[in-house]
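Given next are the chains, with one letter for each unit.
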Amino acid sequence: MRIAAVNALDALKDKIAPALGVEAATLVASNGRIHVKDNESKGMSWADACKHIGPQPISVEGNWQPGLSSVTTSGVQFAEVAVDIETGIVKVKRVLAIQDCGLIVSKLTAESQVYGGVIGSLNFAMFEDRILDRNTGQMVNPNMEWYLLAGMSDVPKIDVRLIDQPERGVVGIGEPPTVSTAAAITCAIRNAIGVTVRSLPLTPAKILQTLAQQRA
Amino acid sequence: MKPFSYVNPANEKDAVRALSPERDKVAPIAGGQDLLALMKDYIAQPDRVVNVKGALDAAVTPMPGGGLKIGAAMKVADLAEHAEVVRLYPALAQAAIEVGTPQIRNQGTVGGNLNQRPRCWYYRNEEFICFKKGGNVCFSPAGENQFHAIFGSGPSFIVHPSSLAVPAVAYGATFRLFGPKGERMVPAAEYFTMPTLQNVQSENVLAPDELLTHVILPAPGTVKSGHYEVRYKTSHDWPIAFATVLLGMSGNTVRTARIVMGAVAPVPWRSQPAEAALVGKPINEETAAAAAEAALRDARPLSQNAYKIQVAKTAVKRAILEAGGVTGGVKTL
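Quick note, the sequences are listed as chains L and B, same order. Here my numbering is used: the first residue of the first sequence is 23, the next is one more, and so on. Here my numbering is used: the first residue of the second sequence is 214, the next is one more, and so on.
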């Protein structure tokens, strides 16, 4: 995105350089103006510069370059659950997500991403299941009734802590928060009942079956 | 949905006149919480829809002798909050408040809830022509049956979807039906039908040209009640199993018991073995667990719903403990 923004500014500089009688490469943007570097008076305001755009808007692309993609992003999540051992129902009480962010561009957006990722992973762990009829292959739950997704009362308290490391530049935050939650929940269930349930979603049937096998 | 004509009768006589004795031709609509979905999925394709919201009673009327008469057009939300229902039939109010979501409770009616069609995902799928749609097979025993019945032996293995039906049976309610030949009174326990090859296309004795107009509850007497539902999601999910328990006590001992389970059979499932196990006993963890065992002793699970037995046992046990005022019934590690 940053590359695209730089490309757009360069295109704008190209448009106004002839009007100022200078080379585009000498121009910089600062304090709401585009002007020759170290000579703020030789230039024009941003608004005036944009009047030079003409009927064709400036439309540019920023292309991926090596080093831009998130690698080595990391995060840690903790989950607190309550397991009703007489019904197999698991209630996730709390999730704490600590997420490495590199350079945080917008704290609110980054936090929202982590909330969303945790909720998505909670659904993956607890509810979502594409159930196919074993005889015809048809999906028997192609609807909101039986393709379960967490409702308001199913979402636990989620605490998010972002680690801001501007020196690393921008890294990814869309997918990484979804990675840990399901595992954290499964580990919490193991901590609660002493066995690991190795199949998602963590339905009451699976919890009860695992408990029965443990007793046997 | 298929185009249909729509009529607004003023009273139950006109409403019944607009119905048809032929099954599936004409449908009554109140809150539409089930019918509209059935129509959008082409499971129900009536030629005519009869609005009964204005034609049927929506009020609660006290009966001489201490009971209550509830109009079928009463909203589920209103039933859940009605002071006399809460006071006299708390299990019914508890069932009502757990129905669906606030939106569903504020549109759906008592009559609609009792008469709703099953949630079975083969029934609700246009591609599967099962017994209930005039076919000759039930797809659940050989298919995905984790939510199907653990009591009964077919031909259909649906679980009855109504939460209100279970306390209605427990409290000994009578349903007033009105049709072209006039009114008839049917006890709730006889209204819902176990499936046979002859009756499998319906879940109850209501004829296509009849309406359920009232739920009549007898005076409850001095009973302690418990109602416990187990559902997976907290927000907007169907229960896996639930139970209503009514106890008449002699001091600390159970004199009479009514134990009815829901979401385990094609009808609200009353368990006389469980009731017999409790009579003469005090209420505690052991006696409640023993009664719950007895309630599920004759369960016959399908290939994927054996877990329902444990869940239903827990529902019965906790409903008994709630009725007996024994707290701390939930065991978590």
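These aren't lab readings, by the way, just hints derived from the structure by calculation. Among the hints, a few may not be true.
As the list claims (entries may be wrong) - Among the chain L residues that face chain B by a calculated CB cut under 7 Å, a handful are:
{"no.": "1", "residue": "108"}
{"no.": "2", "residue": "109"}
{"no.": "3", "residue": "155"}
Said to hold, decoys possible - Each pair of labels, with its calculated beta carbon distance range:
{"no.": "4", "chain 1": "L", "residue 1": "98", "chain 2": "B", "residue 2": "434", "range": "22 to 32 Å"}
{"no.": "5", "chain 1": "B", "residue 1": "514", "chain 2": "L", "residue 2": "150", "range": "51 to 61 Å"}
{"no.": "6", "chain 1": "B", "residue 1": "249", "chain 2": "L", "residue 2": "159", "range": "49 to 59 Å"}
{"no.": "7", "chain 1": "B", "residue 1": "514", "chain 2": "L", "residue 2": "201", "range": "47 to 57 Å"}
{"no.": "8", "chain 1": "L", "residue 1": "30", "chain 2": "B", "residue 2": "215", "range": "36 to 46 Å"}
{"no.": "9", "chain 1": "B", "residue 1": "415", "chain 2": "L", "residue 2": "159", "range": "41 to 51 Å"}
{"no.": "10", "chain 1": "L", "residue 1": "220", "chain 2": "B", "residue 2": "279", "range": "32 to 42 Å"}
Stated by the list, open to error - Anything over 10 Å on all C-beta distances counts as not near chain L; from chain B, calculated:
{"no.": "11", "residue": "332"}
{"no.": "12", "residue": "340"}
{"no.": "13", "residue": "396"}
{"no.": "14", "residue": "434"}
{"no.": "15", "residue": "443"}
{"no.": "16", "residue": "448"}
{"no.": "17", "residue": "449"}
{"no.": "18", "residue": "453"}
All of these numbers come straight from a predicted model, not from anything done at the bench. Idealized CB from N, CA, C, for every residue including glycine.
Structure-based check of each hint:
1. 108: 4 Å, holds
2. 109: At 5 Å from the nearest chain B Cβ, residue 109(L) passes the 7 Å test, so the hint holds.
3. 155: Hint holds; residue 155(L) Cβ to chain B Cβ min 5 Å, cut 7 Å.
4. 98(L) - 434(B): 22 to 32 Å: Violated, since residue 98(L) and residue 434(B) (Cβ atoms, about 59 Å apart) do not stay within the stated range.
5. 514(B) - 150(L): 51 to 61 Å: Distance hint for residue 514(B), residue 150(L) is violated at roughly 25 Å.
6. 249(B) - 159(L): 49 to 59 Å: 29 Å, violated
7. 514(B) - 201(L): 47 to 57 Å: 37 Å, violated
8. 30(L) - 215(B): 36 to 46 Å: 54 Å, violated
9. 415(B) - 159(L): 41 to 51 Å: Because 30 Å falls outside the window, the suggested range is violated.
10. 220(L) - 279(B): 32 to 42 Å: 56 Å, violated
11. 332: It is violated; residue 332(B) is separated from chain L by about 7 Å at its closest Cβ, not greater than 10 Å.
12. 340: Residue 340(B) not clear of chain L: closest Cβ-Cβ about 6 Å, inside 10 Å.
13. 396: Residue 396(B) clear of chain L: closest Cβ-Cβ about 35 Å, beyond 10 Å.
14. 434: 31 Å, holds
15. 443: 5 Å, violated
16. 448: Incorrect as stated: the minimum Cβ-Cβ distance to chain L is 2 Å, not above 10 Å.
17. 449: 5 Å, violated
18. 453: 7 Å, violated
Hint compliance for this structure: hints 4, 5, 6, 7, 8, 9, 10, 11, 12, 15, 16, 17 and 18 are not met, and every other hint is.
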